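Peer 1: Read off the chains here:
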Amino acid sequence: MNNTIIEAHGLKRYYHRGAETVKALDGVDISIREGEMVSILGPSGSGKTTLINLLSCLDAPSEGTLTVAGKSVAGLEEDQLVEVRRGVLGFVFQQFHLLPTLTVTENVELPLTFLGRTPVPNRTKEVLAMVGLSDRATHLPNELSGGQMQRVAIARALMIEPKILVADEPTGNLDRKTGESIFQLFRQLTTKGLAIIITTHNTAFGDEADRAITLEDGKIVSEETPGRPRAA
Amino acid sequence: MLTRYLSLAVKNLRRRLVRTTLTVAGVGLAVAVAVSLGGFVLGYREAIDKSIEMLGFQVMIMAKGCPYEAATLMLKGGTGLLYLPSDTYEKVKRDDAIDAITPIFVGIAQKEASSIRDEGSEKTFTVVDGIEVPSFTAMKPWLKFKGGAGYAGGKWFDQASKDEVVLGYELAEYEQRKVGDTFYATITPFGKPDLVRHEFKVAGVLERTGTQDDGTVFMPIDAARAAFNRPNQLTILGLKLKQFNAANMREFETKWLKLPEVQVVSLQQVKTTLISLVSTAQTMIAAVAVIAVIVALIGVINTILMSVYERTGEIGIMKALGARRSDIFQLVWLETLMICLIGSIVGSIGAWVGAGLVEKAIKSLADLGVSGSIVRITPGVIGWAMSGSIALGFFAGLYPAWRAASMRPVDAIREGAS
Chain A
1 MNNTIIEAHG
11 LKRYYHRGAE
21 TVKALDGVDI
31 SIREGEMVSI
41 LGPSGSGKTT
51 LINLLSCLDA
61 PSEGTLTVAG
71 KSVAGLEEDQ
81 LVEVRRGVLG
91 FVFQQFHLLP
101 TLTVTENVEL
111 PLTFLGRTPV
121 PNRTKEVLAM
131 VGLSDRATHL
141 PNELSGGQMQ
151 RVAIARALMI
161 EPKILVADEP
171 TGNLDRKTGE
181 SIFQLFRQLT
191 TKGLAIIITT
201 HNTAFGDEAD
211 RAITLEDGKI
221 VSEETPGRPR
231 AA
Chain B
1 MLTRYLSLAV
11 KNLRRRLVRT
21 TLTVAGVGLA
31 VAVAVSLGGF
41 VLGYREAIDK
51 SIEMLGFQVM
61 IMAKGCPYEA
71 ATLMLKGGTG
81 LLYLPSDTYE
91 KVKRDDAIDA
101 ITPIFVGIAQ
111 KEASSIRDEG
121 SEKTFTVVDG
131 IEVPSFTAMK
141 PWLKFKGGAG
151 YAGGKWFDQA
161 SKDEVVLGYE
171 LAEYEQRKVG
181 DTFYATITPF
191 GKPDLVRHEF
201 KVAGVLERTG
211 TQDDGTVFMP
221 IDAARAAFNR
231 PNQLTILGLK
241 LKQFNAANMR
251 EFETKWLKLP
261 EVQVVSLQQV
271 KTTLISLVST
281 AQTMIAAVAV
291 IAVIVALIGV
301 INTILMSVYE
311 RTGEIGIMKA
321 LGARRSDIFQ
331 LVWLETLMIC
341 LIGSIVGSIG
351 AWVGAGLVEK
361 AIKSLADLGV
371 SGSIVRITPG
381 VIGWAMSGSI
391 ALGFFAGLYP
401 AWRAASMRPV
411 DAIREGAS
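Chains as they are written, first to last, in the working numbering: chain A, 1 to 232; chain B, 1 to 418.
Where hints are given, some of them may not hold.
Said to hold, decoys possible - Some residues of chain A that are not near chain B, with every Cβ distance over 12 angstroms (derived):
no., residue
1, N3
2, R86
3, K125
As the list claims (entries may be wrong) - Where chain B lies over chain A, by a calculated footprint (3+ residues, C-beta under 8 angstroms):
no., stretch
4, 51-65
5, 71-85
6, 94-102
7, 202-210
Note that these hints are calculated values from the structure, not bench results.
It should be emphasised that the depicted structure is a prediction, and the values quoted were computed from it without experimental measurement.
Ideal placement from N, C-alpha and C gives every residue a C-beta, glycine not left out.
Take the sequences, apply the hints, and build the full model.
Peer 2: Now the structure itself:
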């Protein structure tokens, strides 16, 4: 349960805007263990999304070392990054990003298509039951509420049984009650060894995590361990 | 896996149904033009081949004149006929190179308004072929008499007869004439000012041949010459050579071109002439087809590119979820191929259903010198057009698919969310 799944040292990400160099992330050290829920807090422009993009192998660091699920990521191109992501990382986004033409079941099974796996109906039912959407399997996204859509996105991420779940502002478009239920679901998932990284503006939600890391100007300015007892 | 990609592609295309339908219609139109053109090229060549084969000759000797007229004269009938002295027949038939020969006298008669279909029309004309039955039927052994009620007992006229005719199938249908009926024709004898009205007895009606013979009145050659007051003339000598090849043809031509006012035309030359007559038109139509295909191609690229841009966020998500560059490429490419495939099916069906209209349109625009169907849409033509359409889809899809596959997930997701 306590194996390190993500390890980063001196992580930097620079962007070039004309002659100007923007330091979106400026030397971050971070380590995340299996079954750990880590929240990344900070104001807009603090580097939360940049950090999460790097940790989830959607982007490559300009400098520093990064190891994800035992694989070194620094210096890899997109074609190599996707190989690291496949089957290891699950994603949940603020905007849900469900495919509007696919039913709930089809959306949930979509990642399997790209992994070359045949969907097992029982597994799909199991995941939908886990997120409380068994009765919405044949619905289209536009027939669901925001909270339900986010649950579909979580089910989609879980379908491949990832080792790491990355959630970028997962409750940003949800009301407080729905947001809380999502965090409760995340908490349950960590008990199965899933590492969860969440970015959020909401410090109350951030405190639900095992660790809350706060970023400012691309640097970690605080790292707290709220020490909330885990749900049974 | 392909099934799942196909399902995804179909759902993506259905998302913007009007746009997809218009794009498919564009491809369909281009394919319909291409199939119709292919059908016309094939059908016209086959019509020429059939018409020439059904003439029964390999070579024609006729009076010097416009080679195009010469080409169409026997195939389609015509006016402005030129005549040879009848002793040409006597001279030529002694040539050892000849296997069979038949003299034909062609004249144009004005028909009486005897049919209800002539009502209101000022005058109509028909081709009269004066023939020598034994040599003519030896050249065209397929000519058979129509049977059934009113047509039984049909036979060739006696060669010495002056008032018997045999009618081609369509002419008999048009004139509503059967065996034993009277056929009226008005002929202007050569060198005389007045029209002479003739009454002929129908000795027989021929079965349909799909050639100019179907619209022709056949009568004994001497009777025809007398009626047209050209007692010592003929129009064409139809020939078969014992050995027909280019060398023999050249030798034969050289020998008989010595006769004054004679041209020797091989039916291969006739075919070449007829094909060259329409080749310009075919080139023009082909140019239109190419333009239609290019426009359709641009439409397909535009549609797929728009679809890719609209789905930037989704593509980013798919990549985040584990889709490789090749997965996205295949998905977008499949959509392009599906548009082209559906368009080609729609276009092929449209061309097949509309072949009759295309044929009527072409025939109304130009006299192509042949009888029968000139647009023939075969599975081969459709196959070629569909293969071409899919091949174009193959290329049209390359850029949009590459564009989608090259998106970085982090950028695509950000753009999609904005």
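Peer 1: Work down the list of hints and note, for each, if the structure agrees.
Peer 2: Now for the hints, and whether the structure bears them out:
The Cβ of A:N3 sits about 23 angstroms from the closest Cβ of chain B, beyond the 12 angstroms cut-off, so the non-interface label holds. A cut-off of 12 angstroms between C-beta atoms contradicts the statement that A:R86 is not in contact with chain B; the least separation is 4 angstroms. For A:K125, the shortest C-beta to C-beta distance to chain B comes to about 19 angstroms, beyond the 12 angstroms cut-off, and the non-interface label holds. As drawn, the stretch 51-65 of chain A meets chain B at 4 residues by the rule of a beta-carbon pair under 8 angstroms; at three or more, the given contact holds.
For the stretch 71-85 of chain A, the stated coverage by chain B holds: 4 residues have a C-beta nearer than 8 angstroms to a C-beta of that chain, and at least 3 were required. Beta-carbon proximity to chain B at under 8 angstroms applies to 7 residues in the stretch 94-102 of chain A; the threshold of 3 is reached and the given coverage holds. Only residues whose C-beta sits within less than 8 angstroms of a C-beta in chain B count toward coverage, and the stretch 202-210 of chain A has 0 of them, not enough to reach three; the restraint is violated.
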